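Given the sequences, and given the hints that come with them, work out the whole structure.
Quick note, the sequences are listed as chains A and B, same order.
Be aware that the first sequence starts at 1, since it is given in full-length UniProt numbering, and climbs by one per residue.
Be aware that the second sequence starts at 1, since it is given in full-length UniProt numbering, and climbs by one per residue.
Calculated directly from the structure, the hints in this document are not laboratory data.
The structure displayed is predicted, hence computed values, not measured ones.
Any given hint might turn out to be false.
Same chains, same names: a pair is fine if it fits in one copy or spans any two.
With a Cα cut of at most 27 Å, we get these calculated DSSO-like pairs of lysine-lysine [stated by the list, open to error]:
id	residue 1	residue 2
1	Lys46	Lys144
2	Lys157	Lys144
3	Lys157	Lys46
4	Lys57	Lys95
Protein chains: 2
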Amino acid sequence: MSIDATDHTLFDGGRAPNPRRVAMYLAECDIHVTVKPVDMGALEHKSDSISALNPLKQLPLLQLPDGSVLTESVAICRYFDLLFPGSGLFGEGPKGQAFVEMWQRRIELQFLYPVAQAFRHIHPAMTDWEVPQIQDWGEANKPKAFRFAGLLNDQLKEHRFICGDTFTIADITAIIAVDFSKVARISYDEKLTDLYRWIDEVRARPSYSL
Amino acid sequence: MSIDATDHTLFDGGRAPNPRRVAMYLAECDIHVTVKPVDMGALEHKSDSISALNPLKQLPLLQLPDGSVLTESVAICRYFDLLFPGSGLFGEGPKGQAFVEMWQRRIELQFLYPVAQAFRHIHPAMTDWEVPQIQDWGEANKPKAFRFAGLLNDQLKEHRFICGDTFTIADITAIIAVDFSKVARISYDEKLTDLYRWIDEVRARPSYSL
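Written out as structure tokens, the structure reads:
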């Protein structure tokens, strides 16, 4: 069922990992907001108009009907999940929700973050974004991402999705990390067959094409 | 009101930042669990018995009455918050909860994480924990922590606690980051008077003495 939330304005950063997480979440839930695209490639997120809304100069950024400003991709998703309950994307019941949170945090800190560090500290396009760029730190993060991909493969041996039978926000964060790995020039062992089975299934979802 | 949750076993890492976050949360909520101390200084969290429960070899770790194992400090706190609702430590209502999540994430990623990186990549005691130790990366994190302390001071100019009038899990994470700064040899500008006013107030709470 389509949900009209067009009284909310999302300042969107397009294909960058964090904005894309929110776009996938909204598509999974069929929630429609007013979208204002911001060109991160042209560093528009560092403009005065965005800085006035978020001193951290980051996207995505959600303006609520009362004018208040909410940032951080997972906080935005959780807000909609509480406003329009029932998606199950944050899990069900105390135990179910806690295990989604556990995997979400493991993926963020031990997978998405290392991939992002490898990209930001090695890629020539990131010299203005990460000051100082420290090549050795970028390289040190690659084995962390490889290790976590192995752990994820073990989990996916026993489960269709990361937290069990149903798709959750942990799957969104993990596919974003996998895709982001390409620009960080990290590729994963082809022997991780359960990981690749899961990648194919997630990429076939309509929300992925956004 | 005291809550008996002694059918849950917490493998506790003592004064290390993440175990301490859970200890403070449980004390704030007067929740009592069965505690098994694990000596992280002696690397007991890397023992076979802990690795069998958590392949990531990290603490804290909660064993539920059904035997399942929950890790990640915030996931453990959220589990108890859902099981015994009403603490308000994760905020109230969709907007309130989303803003706690926003601050919690800002503090984790832009304050606690930089402080931890500075500690792990500079302190001689961490050579076996962080391989390779990259001094330049440790140093690059100090200005990130300074910058965030300024942002926190701005927020605390207008609010008693970080998310408003009431104490939340964001305050727990932030005081842990402030305390952790000492071993990372980071100290904050004395002109940040609202930050220091808040530090004094949080340190006076009974949960802090744990």
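Status of each hint after checking the structure:
For the homomeric pair Lys46 and Lys144, the shortest alpha-carbon distance between copies (17 Å) is at most 27 Å, but the shortest distance inside one copy (30 Å) is not. In this homomeric assembly, Lys157 and Lys144 come within 27 Å of each other (Cα to Cα) only inside a single copy, at 20 Å, whereas the closest approach across copies is 39 Å. Proximity of Lys157 and Lys46 under a CA criterion of 27 Å is satisfied inter-copy only: 24 Å between copies versus 43 Å inside one chain copy. With identical chains, the CA atoms of Lys57 and Lys95 are at most 27 Å apart between copies only, with a shortest distance of 21 Å across copies and 35 Å within one.
This entry satisfies every hint, going by the numbered hints stated previously.
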